[in-house]
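**Student:** For reference, the chains in residue letters:
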Amino acid sequence: MSEYILDLPVSRDLARSLKLGDTVFLRGDAVITAGYPTHQRLMDCVEQDRPPPVSMDGGAFFHLGCMSREEKGALRPLYVNPTTSTRFNAFMPRIIEHFGLTFVGGKGGLDDACVAAMKKTGCVYLSILGGGAPLLTEGIEAICETGWNDLIVQFRLSRVRLDMFGPLTVAIDAHGNSVYADLSADAKARLPDIMRALARDRSIQM
Amino acid sequence: MTIGYDIIRETARTLYDQALKRIPENSKAALEKALETESSPSARTTLEFMIKSARRAEEKATYVCSDAGFPVYFVKIGTNARFEGDIKSAFVDAFDELVRTIEPPILKFVTNPLTGERSYHGKDMPHITWDFVSDDDCIDITCSPKALGSGRWAALEIFSYPKLEEIERYILDVSIRAGSQHCPPVVIGVGIGGSFDHAAKMAKLQTLRPFGTLNPEPILAAMEERLTRAVNKTGFGPMGTGGDTTALGVHIDYASGHGFTPVAVCFNCWINRRTRARINNDGEVAYLE
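Chains as they are written, first to last, in my numbering: chain U, 1 to 206; chain A, 1 to 289.
It cannot be assumed that every hint is accurate.
Cut-off 20 Å, straight-line C-alpha distance, at most; resulting in silico cross-link-like pairs (SDA-like, lysine to any residue) [unchecked claim]: (1) A/Lys233 x U/Arg200; (2) A/Lys233 x A/Ser39; (3) A/Lys108 x U/Pro77; (4) A/Lys233 x U/Arg196; (5) A/Lys21 x A/Thr101; (6) A/Lys108 x U/Glu70; (7) A/Lys28 x A/Met1; (8) A/Lys108 x U/Val153; (9) U/Lys188 x A/Lys204; (10) A/Lys201 x A/Ile158; (11) A/Lys233 x U/Ser184; (12) A/Lys28 x A/Phe211; (13) A/Lys21 x U/Leu135; (14) A/Lys204 x A/Gly194; (15) A/Lys108 x U/Ile152; (16) U/Lys188 x A/Asp131; (17) U/Lys188 x A/Lys108; (18) A/Lys28 x U/Arg196; (19) U/Lys188 x A/Glu166; (20) A/Lys233 x U/Ala199; (21) A/Lys88 x A/Asp131; (22) A/Lys76 x A/Lys60; (23) A/Lys163 x U/Asp193; (24) A/Lys52 x U/Glu138; (25) A/Lys60 x U/Leu135; (26) A/Lys233 x U/Ala189; (27) A/Lys233 x U/Arg202; (28) A/Lys52 x U/Thr23.
If you are wondering where the hints come from, they were derived from the structure by calculation, not from laboratory data.
Please construct the entire structure, taking both the sequences and the accompanying hints into account.
**Tutor:** Put into structure tokens, the structure is as follows:
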């Protein structure tokens with residue numbers, strides 16, 4: 001397991017070189033949203049082959065909610081925090097492939113169909129600590145632009161500039177390996193043993 | 001002396017504000033204790049990051065998590081408590097006041113389930129559970145904001161004459177289904193028996209029980225101990241990226257009922273948001289958590 005400071009956007013080769021468990025800090029621009037309606041609109045863009053209001057090609061796209069305040073004509077980031085990525089499982093394979101994303105992220109991971117799309121595209125999933133708002137926010141330098149501003153603030157498609165944003169953990173690599181799939185499979189495989197231990201403990205304790 | 005509308009509104013607002021900006025002391029202690037036994041280096045790093053995040057939020061008076069969720073209150077009213085004014089409105093108005101004044105502003109999380117519309121307000125907001133306590137002269141208020149991260153994974157199933165083994169298997173199944181997604185290490189609340197609604201309420205109330213308190217029912221105390229061990233053998237770990245610490249505790253309550261036995265399981269994420277205060281008849285407020 002290694003630790004990296006990476007400048008966005010990263011090349012597909014670099015994305016493919018990252019391994020499960022690696023720690024990453026990011027600098028540069030990423031696109032974020034926490035919105036379900038935003039994903040529906042992104043899918044419309046994919047299906048109608050038209051660009052979203054904020055460019056995502058080849059870049060990083062994170063499931064992050066952000067609160068900002070307008071000051072002197074610019075948006076000042078107040079705080080960010082990840083949301084659960086699996087809520088967007090149905091949309092993500094096509095979004096990953098269409099925009100050729102190299103990084104996606106949030107918390108809780110993505111499903112097998114997404115992992116397959118990431119393998120095909122050369123894309124990595126980065127786990128962001130849920131409940132790390134005070135520390136993660138220190139890594140948000142600026143909000144550069146926002147699109148779909150009719151949506152509530154955390155749903156807008158926003159391009160943010162990161163400066164040492166992290167630590168993030170490589171939880172799905174670009175080769176089809178997922179800690180989420182592995183841990184679920186391990187837990188299910190371990191269940192008979194766990195049940196046997198419970199039965200033994202029950203007989204001792206009762 | 002009486003407990004007035006203004007003091008209840010101010011206390012309810014303060015409880016919600018504080019619940020978003022700090023984590024209970026016993027939760028912090030449980031995370032520190034988990035660090036002593038966690039064997040995975042990356043899981044230890046995550047636990048340390050969590051503790052650091054909680055400290056930083058308190059220093060900066062900002063949020064540990066940006067998801068304020070929606071406000072949930074549990075109110076216990078002493079039968080000798082005396083009120084002046086509309087205490088139900090005090091909670092509704094407290095939420096309005098919080099939304100107007102809290103810094104930094106909270107995001108819109110109150111969701112209409114029929115339209116998907118998000119707002120700061122909505123039907124039946126805040127969620128309040130009222131209860132009575134005999135021979136007490138205060139009002140005891142617990143605030144536990146509920147968000148999507150861990151809220152989404154709660155489950156309930158109704159069994160007929162289940163053996164303990166069947167109940168314990170169900171608790172594990174629900175925990176494995178939640179897997180990496182409920183921001184572990186979690187507290188798991190379980191309600192066994194009673195009716196459909198009562199089982200769910202018991203499970204929720206058990207998530208509010210401080211870590212380190214012993215269940216007064218020996219059969220449940222033993223069950224809590226072995227289930228905590230069992231859930232931690234699943235290996236999901238802090239933030240679900242692997243490790244020994246998936247649950248900081250399993251807390252269980254039960255109620256007698258009929259031959260059908262509901263089993264409800266719910267989760268609070270590692271932040272375990274919870275604040276509590278008592279207001280006496282003389283208007284004095286004591287913040288307990």
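**Student:** Are the Cα atoms of A/Lys52 and U/Glu138 separated by 20 Å or less?
**Tutor:** Distance of about 13 Å is within 20 Å: holds.
**Student:** Between A/Lys233 and U/Ala199, does the CA-CA distance stay at or below 20 Å?
**Tutor:** Judged against 20 Å, a Cα distance of about 15 Å means the pair holds.
**Student:** Holds or violated: U/Lys188 and A/Lys204, Cα atoms, limit 20 Å.
**Tutor:** violated, 26 Å
**Student:** Regarding the pair U/Lys188 and A/Lys108, is the alpha-carbon distance no greater than 20 Å?
**Tutor:** violated, 37 Å
**Student:** Between A/Lys233 and U/Arg200, does the CA-CA distance stay at or below 20 Å?
**Tutor:** Measuring from Cα to Cα gives roughly 15 Å; hence the hint holds.
**Student:** For the pair supplied as a hint, A/Lys233 and U/Ser184, confirm whether the alpha-carbon distance does not exceed 20 Å.
**Tutor:** holds, 12 Å
**Student:** Can you confirm whether the C-alpha distance between A/Lys201 and A/Ile158 stays at or below 20 Å?
**Tutor:** holds, 15 Å
**Student:** Are A/Lys163 and U/Asp193 close enough, with their CA atoms no more than 20 Å apart?
**Tutor:** holds, 19 Å
**Student:** Can you confirm whether the C-alpha distance between A/Lys233 and U/Arg202 stays at or below 20 Å?
**Tutor:** holds, 16 Å
**Student:** Has the given pair, A/Lys108 with U/Ile152, been kept, meaning a C-alpha gap of at most 20 Å?
**Tutor:** Distance ~7 Å between A/Lys108 and U/Ile152 Cα, so the pair holds.
**Student:** Checking one constraint from the list: CA of A/Lys108 to CA of U/Glu70, max 20 Å. Satisfied?
**Tutor:** holds, 17 Å
**Student:** Is the Cα-Cα distance between A/Lys108 and U/Pro77 20 Å or less?
**Tutor:** holds, 16 Å
The structure does not agree with the numbered hints 7, 9, 16, 17, 18 and 22 stated previously, though it agrees with the rest.
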